[in-house]
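All you need for the working numbering is the position in the sequence shown, starting with 1, plus 5.
Among the hints, erroneous ones may be present.
Simulated restraints on C-beta separations [as the list claims (entries may be wrong)]:
#1 94 - 65: 21 to 27 Å
#2 117 - 30: 38 to 44 Å
#3 88 - 132: 22 to 28 Å
#4 87 - 109: 18 to 24 Å
#5 58 - 115: 36 to 42 Å
#6 115 - 25: 38 to 44 Å
Capping the alpha-carbon separation at 20 Å, the derived lysine to aspartate or glutamate pairs in DMTMM-like fashion look like this [to be verified]:
#7 109 - 39
#8 59 - 33
#9 94 - 29
#10 94 - 33
#11 46 - 66
#12 46 - 30
#13 156 - 133
#14 94 - 40
#15 155 - 133
#16 156 - 118
Please keep in mind that the hints were generated in silico from the structure rather than gathered at the bench.
For every residue, glycine included, the Cβ atom is placed at its ideal position computed from N, Cα and C.
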Amino acid sequence: MPRKKKRVKKIHKEAKWPRVTSFEERDEVLSFWEERFGIPKEAFEGYLLLSTSKNYWLFVELPDIKPLQGLKVQTVGLLFTRRVSHWLKPTSTALQRFGHLAQKNIIDLSPAELDRLRRERKIPFSAEVEEGYVILRCEGKVWGCGLYVKKSLISFLP
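Go ahead and model the full structure; you've got the sequences and the hints to work with.
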């Protein structure tokens, strides 16, 4: 049986290295994580915060990043936060990496509740958290991002 050719994703001709955020922009994004989840800004020391039009990426801080900035790339580092309208939204991947440091706005689900949420995408739910983006956790493991609003829980799990 002939092998299927693996499709190679082409890099767009306009692709470029994301820009390093300004101090003010970095502070805005990290303040969101600190205020929303109680994850201190210091947890992100040692990382650069890079930006594209709507996405923020974490990348390990290097002594000299200039040689890399000329590269055409599809993605760089860990997709950390997205700008949705004028709101910031954490990615499930970033929550899986840093969510264990969170102190608030965490919803602990039973395996049955998590399964139902994954199937139905939105379930009625009551929790003592602030409305907005929440960390979804089950049996101590962070699964990712949800949205808690009007006694409903909406899944943003991949």
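Verification of the supplied hints:
1. 94 - 65: 21 to 27 Å: Holds, since residue 94 and residue 65 (Cβ atoms, about 23 Å apart) stay within the stated range.
2. 117 - 30: 38 to 44 Å: holds (41 Å)
3. 88 - 132: 22 to 28 Å: holds (26 Å)
4. 87 - 109: 18 to 24 Å: Taking Cβ atoms as reference, residue 87 and residue 109 lie about 21 Å apart, which means the hint holds.
5. 58 - 115: 36 to 42 Å: This hint holds: roughly 39 Å between Cβ atoms.
6. 115 - 25: 38 to 44 Å: holds (42 Å)
7. 109 - 39: holds (10 Å)
8. 59 - 33: holds (14 Å)
9. 94 - 29: holds (18 Å)
10. 94 - 33: The hint holds at about 12 Å.
11. 46 - 66: holds (15 Å)
12. 46 - 30: holds (13 Å)
13. 156 - 133: Holds - the C-alpha atoms of residue 133 and residue 156 are around 10 Å apart, at most 20 Å.
14. 94 - 40: holds (13 Å)
15. 155 - 133: Cα-Cα ~12 Å, so holds.
16. 156 - 118: holds (15 Å)
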